[in-house]
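Enquirer: So you can see what is in the structure, the chains are spelled out below.
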Amino acid sequence: MSNPRVALFATCLTDTLYPETAKAVVRLLERLGCTVDFPLEQTCCGQLHFNTGYADEARSLAHRYAEVFEGYDYVVAPSGSCAGMVRETHPGLCGSSVPVERTFELSEFLVDVLGVTDVGAYFPHRVTYHPTCHSLRMLGVGEKPLRLLRQVRGLELVELPQAEQCCGFGGTFALKNAETSTAMLADKMRCVQDTGAQVVTAGDNSCLMHISGGLSRLRTGVRGIHLAEILASTEEQPWVATP
Amino acid sequence: MGRNPVTWLGSPVFPKAAHTALADTQLRANLRKATTTIRDKRASAVAELADWEELRRAGEAIKDDVLANLDTYLLRLEESVTARGGVVHWARDAEEANRIVLDLAREHGADEVVKVKSMATAEIGLNEALEAGGIRAVETDLAELIVQLGRDRPSHILVPAIHRNRAEIREIFRREMSEAPVSDDPRELAEAARRHLRRKFLSARVAVSGANFAVADTGSIVVVESEGNGRMCLTLPQTLITVMGIEKLVPSWRDLEVFLQLLPRSSTAERMNPYTSVWTGVTPGDGPSRFHLVLLDNGRTATLADEVGRQALRCIRCSACLNVCPVYERTGGQAYGSVYPGPIGAILAPQLADDPSDEQAASLPYASSLCGACYEVCPVRINIPQALTHLRAKVVRNKGGRNPEALAMAAAAWVFADPRRFEAAQRAGSLSRLLTGAGPIGRLPWPGSKWTATRDAPSLPKESFRLWWRRNRG
Chain A
1 MSNPRVALFA TCLTDTLYPE TAKAVVRLLE RLGCTVDFPL EQTCCGQLHF NTGYADEARS
61 LAHRYAEVFE GYDYVVAPSG SCAGMVRETH PGLCGSSVPV ERTFELSEFL VDVLGVTDVG
121 AYFPHRVTYH PTCHSLRMLG VGEKPLRLLR QVRGLELVEL PQAEQCCGFG GTFALKNAET
181 STAMLADKMR CVQDTGAQVV TAGDNSCLMH ISGGLSRLRT GVRGIHLAEI LASTEEQPWV
241 ATP
Chain B
1 MGRNPVTWLG SPVFPKAAHT ALADTQLRAN LRKATTTIRD KRASAVAELA DWEELRRAGE
61 AIKDDVLANL DTYLLRLEES VTARGGVVHW ARDAEEANRI VLDLAREHGA DEVVKVKSMA
121 TAEIGLNEAL EAGGIRAVET DLAELIVQLG RDRPSHILVP AIHRNRAEIR EIFRREMSEA
181 PVSDDPRELA EAARRHLRRK FLSARVAVSG ANFAVADTGS IVVVESEGNG RMCLTLPQTL
241 ITVMGIEKLV PSWRDLEVFL QLLPRSSTAE RMNPYTSVWT GVTPGDGPSR FHLVLLDNGR
301 TATLADEVGR QALRCIRCSA CLNVCPVYER TGGQAYGSVY PGPIGAILAP QLADDPSDEQ
361 AASLPYASSL CGACYEVCPV RINIPQALTH LRAKVVRNKG GRNPEALAMA AAAWVFADPR
421 RFEAAQRAGS LSRLLTGAGP IGRLPWPGSK WTATRDAPSL PKESFRLWWR RNRG
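Residue numbers (the UniProt record's numbering), protein chains in the order written: chain A, 1 to 243; chain B, 1 to 474.
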């Protein structure tokens, strides 16, 4: 496909807290020949509200989403959770609309739409991958992120034990049931540490915020890095930590 | 409004109950071992069937048809049961159902009844009601017996004593049985229970059972079990009283084929359960000479009225959702404060309780990270995450808008409604770096403190992505 016109849906969390992930998506998609736009009218998919029980607020955000992204060939989000919210829940909230069907999580877009698994990345670290619940079960991205990671030069991919177990984030669940959330996190961290990986990656900054928050508290030295940043990293322009 | 005993009186809200459960290392070890084992076994039992997805869809379709035409099927069932010599009773709520069973037991001169494990009778607190009426109810399912003798509460739909290990069980038996087991060897424990129960089976005149399925066309009631104790209850006593929820129907005999494949693989990871008992009215000279069927509503009609929530009534009580639930695995079933724990309990119990003032019931739809593992394994495709968010919306409506969470949510919605406000909020946040510095944040004020108690928080970047985009690309 030549020069698809792609809108980046950064998601409110990544836009605000993890700008490097969104920059990585832009860099990666442009490297693969896409024309990338970031409509500044975008804000949030409404998942925070919807999942906490505030459906009316979520409904108006779903309408906003449909308006903002109407004119694009594709919308790409670096989040299985938010892409899942758009595809699975928006139709029920604001009626089915074009941007809803054209919204993809990053790994889906790369593999299914662009048809690439080798994105020319270089990332010389030992990495383990956590398949976040909404990517895994709501979108069914399956092996796609792993297929992408296996093609990254220098990267040593190590399998995460009990990978399909939830990390315990769950949006407001992490606050409302903080202790249960932490118990789930403890098991996830133990699995990550058992792999001996230096980096844990995933397709969602929300879950990574939770996992790396725990790893950082314990001074484990293991970092959480979004899949997009690994895939954007090249020998010419390697990934660097931002303060 | 009368209180529906589907949630246990005095149970704390879920986060509080979880706090206690999470501190119990023995409980967590017992649960982890049990759920991990059954989870793996279920996965391989299901993988053997190439048509599992079709079976799930068939199960879903049959149950949806039953729910859509419940009135017709129930009347048909009543007619078939009556034609075959049974007596049908209708019970609106727990109190009515308990009174019917108590009166029947008294009428037939029983001071003790034997029971085959039944969720419906646990839901209505039948044992306690009988006790208050001077009649002892003896549970004959092994796990249920352990719970009863331990004066404990169940913690799992299928294995109510899943939270106990064998050393604990031996202690309970030693205290409560006339012939106590000599060791905690499982065979030894089972033998002790068998001796204990045998005496009960041979002397009981009245038995009370639940039902896994009832066939509308023929009036047949079906119970599936593993130990055969249920079959003793269903055949030896003179009077059999079955209490079943009105949603347990299937239209025809053929429909059972689907569920007798779905249920055992989902619940015990077996190709088929060891005992499937079917009884249809009464047969002279064979089995009980009197059969009563109590059809229990207890909140089901109200649940049926909710378009999204009603799918919970498809449930065939297999407990697969409990075994895969990461929340259940850490907290155990008692934290849910109901005979229906785990993901299905989190959507079923609050609906059956149907009481907006019940804070404990209102905390249950939030007892989930929405990971979706429950939906994936559900043999009748109950979209539990969907029902959970739907019920959360109901909780929010009942609470009204004047509480810290609702105000925070309204503020967030106001910010997200306009990209300029969102950008302003981001700028304000970036300024907070002056206070927190550039590294991870170890302590935040409430409600962020709930996060930073165990997790560092990321510091806000110097500029958000949208500011960067505006500067470089805009």
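None of these hints come from the bench; they were simulated from the model. Just to be clear, a hint being listed does not mean it is correct.
What the hints assert, rightly or not - List of simulated lysine-lysine pairs, DSS-like, C-alpha gap at most 30 Å:
| # | chain 1 | residue 1 | chain 2 | residue 2 |
| --- | --- | --- | --- | --- |
| 1 | A | 176 | B | 33 |
| 2 | B | 394 | A | 23 |
| 3 | B | 462 | A | 23 |
| 4 | B | 450 | B | 462 |
| 5 | B | 399 | A | 23 |
| 6 | A | 176 | B | 16 |
| 7 | A | 176 | B | 394 |
Stated by the list, open to error - Just a few of them, taken from the derived set where beta-carbon distance is under 8 Å, the chain A residues facing chain B:
| # | residue |
| --- | --- |
| 8 | 38 |
| 9 | 49 |
| 10 | 52 |
| 11 | 55 |
| 12 | 59 |
| 13 | 133 |
| 14 | 140 |
| 15 | 184 |
| 16 | 209 |
| 17 | 210 |
| 18 | 216 |
All of these numbers come straight from a predicted model, not from anything done at the bench. Glycine is no exception: its CB is placed at the ideal position from the N, C-alpha and C atoms.
Enquirer: Work down the list of hints and note, for each, if the structure agrees.
Expert: Taking the hints in turn, this is what the structure says about them:
no.: 1; hint: A:176 with B:33; result: holds, 27 Å
no.: 2; hint: B:394 with A:23; result: violated, 39 Å
no.: 3; hint: B:462 with A:23; result: holds, 14 Å
no.: 4; hint: B:450 with B:462; result: holds, 25 Å
no.: 5; hint: B:399 with A:23; result: violated, 41 Å
no.: 6; hint: A:176 with B:16; result: holds, 11 Å
no.: 7; hint: A:176 with B:394; result: holds, 17 Å
no.: 8; hint: 38; result: holds, 5 Å
no.: 9; hint: 49; result: holds, 6 Å
no.: 10; hint: 52; result: holds, 6 Å
no.: 11; hint: 55; result: holds, 5 Å
no.: 12; hint: 59; result: violated, 10 Å
no.: 13; hint: 133; result: holds, 4 Å
no.: 14; hint: 140; result: violated, 10 Å
no.: 15; hint: 184; result: holds, 5 Å
no.: 16; hint: 209; result: holds, 6 Å
no.: 17; hint: 210; result: holds, 6 Å
no.: 18; hint: 216; result: holds, 4 Å
Violated hints, listed in ascending order, are 2, 5, 12, 14; each of the other numbered hints is respected by the structure.
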